[in-house]
Amino acid sequence: DGGITQSPKYLFRKEGQNVTLSCEQNLNHDAMYWYRQDPGQGLRLIYYSQIVNDFQKGDIAEGYSVSREKKESFPLTVTSAQKNPTAFYLCASSAGNPYNSPLHFGNGTRLTVT
Amino acid sequence: DAKTTQPNSMESNEEEPVHLPCNHSTISGTDYIHWYRQLPSQGPEYVIHGLTSNVNNRMASLAIAEDRKSSTLILHRATLRDAAVYYCILRDVFGSGNTGKLIFGQGTTLQVKP
Chain U
98 DGGITQSPKY
108 LFRKEGQNVT
118 LSCEQNLNHD
128 AMYWYRQDPG
138 QGLRLIYYSQ
148 IVNDFQKGDI
158 AEGYSVSREK
168 KESFPLTVTS
178 AQKNPTAFYL
188 CASSAGNPYN
198 SPLHFGNGTR
208 LTVT
Chain R
503 DAKTTQPNSM
513 ESNEEEPVHL
523 PCNHSTISGT
533 DYIHWYRQLP
543 SQGPEYVIHG
553 LTSNVNNRMA
563 SLAIAEDRKS
573 STLILHRATL
583 RDAAVYYCIL
593 RDVFGSGNTG
603 KLIFGQGTTL
613 QVKP
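Chains U and R, in that order, are what the protein sequence lines are. First residue of the first sequence? That's 98 in my numbering, and the numbers climb one at a time after it. First residue of the second sequence? That's 503 in my numbering, and the numbers climb one at a time after it.
Keep in mind the hints are simulated off the structure, nothing from the lab. Every residue gets a Cβ at the ideal spot worked out from N, C-alpha and C, and that includes glycine. Each hint should be verified, as a subset may be incorrect.
Derived DMTMM-like pairs (lysine to aspartate or glutamate); straight-line CA-CA distance at most 20 angstroms [stated by the list, open to error]: (1) K505(R) with D156(U); (2) K106(U) with D135(U); (3) K106(U) with E169(U); (4) K180(U) with E159(U); (5) K106(U) with E121(U); (6) K106(U) with E547(R); (7) K168(U) with D151(U); (8) K154(U) with D594(R); (9) K615(R) with D584(R).
To give an idea of the interface, some chain U residues facing chain R are shown, with a C-beta separation under 8 angstroms as derived from the structure [to be verified]: (10) L124; (11) G139; (12) N197; (13) F202.
Next comes chain R alone, as it looks inside the complex (with noise of 0.2 angstroms):
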């Protein structure tokens, strides 16, 4: 599975945008971009995902480059409620993603400042 890179922290302030960045060089065409994010103690949580263009959901929009080696996953207006680990990950159509084998990495622990 292709690899992806994510800062491992983040600030924000209430009520201001994120912008969470996820590089994946060597992503394939066959590869969608996932985002999960994690509270304390709980689940992971779905927020979005997409193959090539921008998409948007109530939760957050997904913009991804042209080339499609990165992306960024933004909340409009960050609430302490949305503090977590944000995971970006690959998922092969045609190779392991049929196992829900997603690959998490150590993702980006967003911190968010009222």
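Here chain U stands alone, though its shape is the one from the complex (with noise of 0.2 angstroms):
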């Protein structure tokens, strides 16, 4: 079945450390993006890629960083110039026209840093 998978479902990290949060999709889409939700809140996208060699920022990519090297993955790096890094973070991907394609997401990462 073609999905996309984030690993891994838990991580925690130590203060001051960079990390980063895989995502892979196997769907052949062309879109990737990343959110982030803290609790009882909607989600926030960070960034975004609508093509391989290509991204850009989200309303909250300060403290981020991402790579777009092959279509099939969209890693995002959490820096430690994040002020708030600890959330729940949610990779998806859609395909063709982006109007009127649904959002395909993953399980999500939940990062922890203390």
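Please assemble the complex out of the two chains, which come individually in their own frames, going by the hints.
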């Protein structure tokens, strides 16, 4: 079955360390996205990529970085510059016309920084 | 992006129909109405979307008011697995839609009682 795989499901890090969250999709989608969700809140867009080797900042990109070297992969690095990194991180992808195409989400990585 | 308003929570009995309302009085002519749902500790799941006409799929039906200022997601027979947070979202064809910038509000938490 095609889908989006995020790993690991839970991640613990010490403050001051960079950490990279993995996102892989086998849906052959061009566009990929990273969202952050805090308890009781909606999703906020961190970064998105509409094509390989291209990506744009979302609403809350500060303290994060991404790369898109392959169509299937869109890893997110949470740097030590991110002031409140503890959150639930969600990766998504979409195909074709993004206005009308649904987003497919992974099951998320819950990052805890202490 | 146009804003949506949903009730914070709703309850339903198992095997009964559920009507989840969404108000979007500032909707523009090019906004698609999307519905996603999110189960605890999982990524959001696409449910249905539409522009003007009512839509049906295997998961649900979407009823759109004639003036498009409101819509209703209909689950025909609620099951315990339908207990989730349901998000009603507008996606602008010509605006931020091509960024995947879905703006998730608080959504409606649906409880299904056996």
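Structure-based check of all given hints:
no. : hint                 : result
1   : K505(R) with D156(U) : 17 angstroms, holds
2   : K106(U) with D135(U) : 16 angstroms, holds
3   : K106(U) with E169(U) : 19 angstroms, holds
4   : K180(U) with E159(U) : 9 angstroms, holds
5   : K106(U) with E121(U) : 13 angstroms, holds
6   : K106(U) with E547(R) : 17 angstroms, holds
7   : K168(U) with D151(U) : 11 angstroms, holds
8   : K154(U) with D594(R) : 19 angstroms, holds
9   : K615(R) with D584(R) : 11 angstroms, holds
10  : L124                 : 12 angstroms, violated
11  : G139                 : 3 angstroms, holds
12  : N197                 : 6 angstroms, holds
13  : F202                 : 3 angstroms, holds
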